[in-house]
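Residue numbers (our numbering), protein chains in the order written: chain W, 1 to 156; chain R, 1001 to 1278; chain X, 2001 to 2788.
Any given hint could be a false lead.
Said to hold, decoys possible - Derived BS3-like pairs (lysine-lysine); straight-line CA-CA distance at most 25 Å: (1) Lys1042(R) to Lys2459(X); (2) Lys2(W) to Lys1042(R); (3) Lys79(W) to Lys113(W); (4) Lys1265(R) to Lys113(W); (5) Lys2(W) to Lys113(W); (6) Lys2459(X) to Lys1274(R); (7) Lys1042(R) to Lys2411(X); (8) Lys113(W) to Lys69(W); (9) Lys79(W) to Lys69(W); (10) Lys2254(X) to Lys1265(R); (11) Lys2319(X) to Lys2411(X).
Stated by the list, open to error - Here are a few chain R residues that face chain X, going by a calculated C-beta distance under 8 Å: (12) Val1064; (13) Ile1251; (14) Ile1254; (15) Ile1257; (16) Ile1275.
Claimed, not checked - Covered stretches of chain R (in silico footprint by chain W; criterion: 3 or more residues with CB under 8 Å from a CB of chain W, positions within the stretch not fixed): (17) 1032 to 1039; (18) 1042 to 1055; (19) 1092 to 1104; (20) 1169 to 1183.
FYI, nobody ran anything at the bench for these hints, they're computed from the structure. All values derive from a computational prediction rather than experimental measurement. Idealized CB from N, CA, C, for every residue including glycine.
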Amino acid sequence: MKIRCIVNGKQTDLETAPDRRVVDLLREDLGLCGTKEACGSGECGACTILVDGESRLSCLMIAAQLEGKEIVTIEGFSKEHLHPIQEAFIVHGAVQCGFCTPGMVLAAADLLKRNPAPDRHEIRRAISGNLCRCTGYQKIVDAIESLARVEEESDE
Amino acid sequence: MSEVALPASLEEVYAIRKREPGAAVLAGGTDLLVRMRADGKKPPVLIGLERIPGLSGIAIQDGVVRIGPMVTHQNLLDSPVIRKHLAVMHEAAQVLGSPPVRHMGTIGGNICTASPAGDLLPALYVLDAEVEISSPAKKRVVPIATFITGPGRTILTGQEILTGIRIPVPDPGYQGFYRKVGQRRALAISIVSMAALLMVSPDKTVRSARFAWGSVGPVVMRFPDVESSFAGRTFGPALLADVGRQYSERIRPISDIRASASYRKMVAAGLPLKILEQ
Amino acid sequence: MKKLHDAHGATGIPDEKGEGHFHTKSDLPVPVGSDLFRADAYGKVTGRERYAADEYPAGLVYAGVVRSPHPHARILAIDTTGALACPGVIAVLTGGDIRGTNRTGLPEMDQPVLADTKVRFTGDPVVLVVAEDRELLRQAMAAVKVTYEPLPAVFDPDSALAKGAPVLHENRKEGNLLFSGVIAKGDADFAFSECAAVREGIFSLPRQEHAYLETETGVAKVDGDGVLEMIVSTQSPFRDSREIAAALGIPPEKVRVIAPYLGGAFGGKDGITVQGHLGLAALHSGGRPVKIWNSREESFVSSTKRHPGRVSLKLGCTKDGTLHALSCRLIFDTGAYAGLGGPVAVYGMGHAAGVYRVAHSRVEGMNVYTNNPPSGAFRGFGIPQVIAALEQVVDMLAESIGMDPLEFRLKNAIRVGDETGLGIRMSNSADIVTCLEKARDHPLWTGRDEWIRQAPDYKRRGVGIATGVLGIGYGPVIPDIASAKLELLTDGRFRIYAGVADMGQGNNSANIHIAGDVLCQSPDRFELVQPDTFRCLNSSSSAASRTTYSYGNALILAAGVLKERILDKVAQLHPLFRRENLILVPGAVRHTPDGSDIALHTIAEAMQEADRVATATWTAPVNRQQLAVAPDVKMYGFPHLAYTFTTHLTRVEIDEITGAVAVDAYLAWTDAGRIMNPHVYEQQIQGGVIQGMGYALWEDFRVTEGAVVTKNLSTYILPTSMDVPDILSVPVETYEESGPFGMKGVGEIGIVAALPCIANAVAGAIGFRVCDAPLTPERILTALRRAA
């Protein structure tokens, strides 16, 4: 079937099976391999993408659902420069093997949009659908928290 | 391959289901697509309900909150109506799955999946929720406890579809609590869950108490005779311990991969005491 | 023909916006010892880094493995006709199609690529199918018919060792006993009779699943020159290439393995996972590239796990609290194939005395074949199991003689020059004493009674400590060798050819730090080539806390060689410059008397290609003590020369209603030598501790009658961000002479003490010990009710 949607800011016409998993569509058809798969059943968050600005699991979405939607994957998350979240992940050492990182970054984006100044508990809650096996989460929380502080300061 | 339909009206849904009785209804996908992957089977048609305008929205009218079945768990969390009038639902939605699951999963899906571990279900039971069932022929309204008949089973037949949830707003004197025990604090499937509505006088006399329990039987369990026995007693740890004791004897949990039946009974025995935890 | 590796050259991804992926605005070198952002972070946060899972070359076909549904069975017949008739099928292969030895494994080559006569675990590979796409592959796999004759099976080491038990590997004269060995000092049996107090415990340790997020995966193809090329998620590309060649019957020089950044591994990709199947499929796919990417469920069924086992440990001390006698008996379940079972048992045995001086000891270890899924390497490598037992018994013994558990440890802890309980002379850096002293003086320890008293209703609180030790490198016999390769490019930048895979720990990024320090260059002047058996030099596996320790040493040598060549070249080009007045500065060589700089690219252009590439080999020094142990105990890694040390402290709160253990605070003081990069060091401690916390509290990979019960991430419980606290990691720096810049590997030490530390806190809170790990809420609550 034909699907028209916006992928990373670009109007995109897709020709695909309607029940194709979105994670496969992104990775195999569009070459957007930054979206990872690690469980296929919604238990790990590695395949997180933003759909109309909200975090969703691309392993539990099918192609037809994308019609008319705006999708952002990790590849389209930064524009001219690195997004501050990505920068914070680098600076705070939030990246080890990196397989959870794209999903974590987008989960953080969803959080900061809803709550620009989250505390550590709120941050931990917001990334609780994204498993990380390397970091123990602490530096990921550090990275996101660093941005919350920036928000607070700029408000003053 | 499954055909996928995203109809814009219920009439289209009926038409597709008439043509293709094996069609599966797709709400948020957090359960159906997991099951389809596990079973390796695909229905001939997937009917996504996400583009039907009438199936979303939360409204309050004449003391009844009406929730569309395609309302997501996140919608519930964001709703001032739910937070104010149905705090027990708000609490239940808070501990459901994970953020992306809450963004995708729906209340209608949670009800129709009819898992005894469904996180919203004890809240719906304790609130005496009713569900609207629609078909081309008629619309009927039944209590949630009538709707769900067993694990994964509901009374939906033929072309019927869940089109709404109606919840009478409890008397403002009620306080709602939801307590869930899982294997971890997020991404957890409940081992025991409990929704409670309590009305307690300033002198600590219990005027009314309702409890609904999840994951301790084939369906969410309430026992009206037990509930009525609490009225008139003094609220406090002694009462809550007794509540736990009584329910622990009445529930009929099974052992599964997450917990043994005996653990579930032990936890249930103490869970009402967690109402005292902030 | 376009080769797979064309897209896999240097993987340092430059930022086209000119930001520089290190975010260093200056051109200055970042000296070792200070924070350097990881070179791989940019590619990973932008989603551009290509893992093995991300390879989808043109013309791709898929391969899948039909696995045994039986834990032990003879194969009577395999009927592939139905599968071959399926649409889109390219090949259906059995063990009979393999021309080589059809065996992989290290040190025992006992695991078939595809079963030949029988299967030994539920999930053993039997038939390999190659098809046009995943759906057609699924259909064809379903059409394969295998007829089995089920055989009696054994599911625990005790039954496997019983007389008359079914034998897994008939050719082994020891039957199901893979390994047994002893390490002893003095006369432990008699020494116990001299003790004032003796305590003993028997501890059951669970299987732990690595659960790296990137499941086993790779792509392979045979190119026009007949070379089998493979891009695969592996910790051991060089060893893999040899094993693949032997198993499949192709010349080793015709096998090329490339290991991009791994999406986690933790030991689970130390050796063959999908490589044998990928190679075989590629030999039968008509030159088309083949992909395998295991589902999470298949990963759980097919991958190795941390050895489950039982550790019985007895410890005795004299009246004044001096440890006097130790006996330890460990028995591990290695599953259907040996994997690294022998070395894992020996590493466990070799750490059974922990950080302590003990006069007499006897440690017996066994590893046993069963019809369970294979066990193998996992961060800590047998040591977490043994430390779990030791550190709990230490607490029990301290209690028996009325000593503070921390003072008791401090009294018996080794200092440099001491002999350990197993007779190992601590010749190198070792500072467990400072770790313990810092814990002793910490407010969480000194104020613990007050905190425990303040437990809210329906909660119980406890504070625990534990110590840990972990030897780095391969031990005294297996040579730990690394060969570094470094090139000065004609544009004046440098390229490092990594010889050790980076599974996420950042060792290849550390290479830039090291070479940058030696060559006085900023990180932006480097690019990295990930391990490639055709381009890089064999530096062995990413394992044993030796990645930076060994390769880093080799790289220091190679960088030194290159530095001399560069300076020599300048001296040669400028006869008026005196060689001793030349130094490397960022981007150039400086003639110090007049401050004039000659740009590196100018020098590079003048150099011969061979001169621009420097290589160097480093062999790790070993412990040459002659300890009376059997040759295989020595070969498998006893004793080590350099060790890392740690003291952990935790506060836990137990929910009396649910039995759940909440870790309220966790601190780790660690001696891992000098710290090269503080935030990368912290990454390893935090990640290791949390993985150990998972081992202690949640992770229980369950197998019943050989079949996996916890089939996916919904039932195998990993901690989420909500379940774990922040870790305070405090380095206790020493200088390790054998390590690059004085460092010791820090990849594993974080995990070893977590379980006993938490268990000690839990025991303090509830007043008794739960000896079966993990300490799940159900186990704790059941024990509490029983005790009540």
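For each hint, the structure was consulted:
1. Lys1042(R) to Lys2459(X): Violated, at about 48 Å.
2. Lys2(W) to Lys1042(R): The given pair, whose Cα atoms are some 21 Å apart, holds under the 25 Å limit.
3. Lys79(W) to Lys113(W): Satisfied, since the Cα-Cα distance of roughly 17 Å is no more than 25 Å.
4. Lys1265(R) to Lys113(W): 42 Å, violated
5. Lys2(W) to Lys113(W): Violated, at roughly 31 Å.
6. Lys2459(X) to Lys1274(R): Holds. Lys2459(X) to Lys1274(R) sits at ~11 Å (cutoff 25 Å).
7. Lys1042(R) to Lys2411(X): Violated: Lys1042(R) and Lys2411(X) sit about 66 Å apart, past 25 Å.
8. Lys113(W) to Lys69(W): 18 Å, holds
9. Lys79(W) to Lys69(W): Distance ~19 Å between Lys79(W) and Lys69(W) Cα, so the pair holds.
10. Lys2254(X) to Lys1265(R): Distance of about 62 Å is beyond 25 Å: violated.
11. Lys2319(X) to Lys2411(X): 13 Å, holds
12. Val1064: Status violated, d = 35 Å.
13. Ile1251: Where the cut-off is 8 Å and the nearest Cβ of chain X is about 15 Å from Ile1251(R), the hint is violated.
14. Ile1254: At about 14 Å, which exceeds the 8 Å cut-off, the nearest Cβ of chain X leaves the hint on Ile1254(R) violated.
15. Ile1257: 5 Å, holds
16. Ile1275: Status violated, d = 11 Å.
17. 1032 to 1039: holds (count 4)
18. 1042 to 1055: Per the Cβ count (4), the hint holds.
19. 1092 to 1104: holds (count 7)
20. 1169 to 1183: It is violated: at least three residues are needed, and the region 1169 to 1183 of chain R offers just 0 whose Cβ sits closer than 8 Å to chain W.
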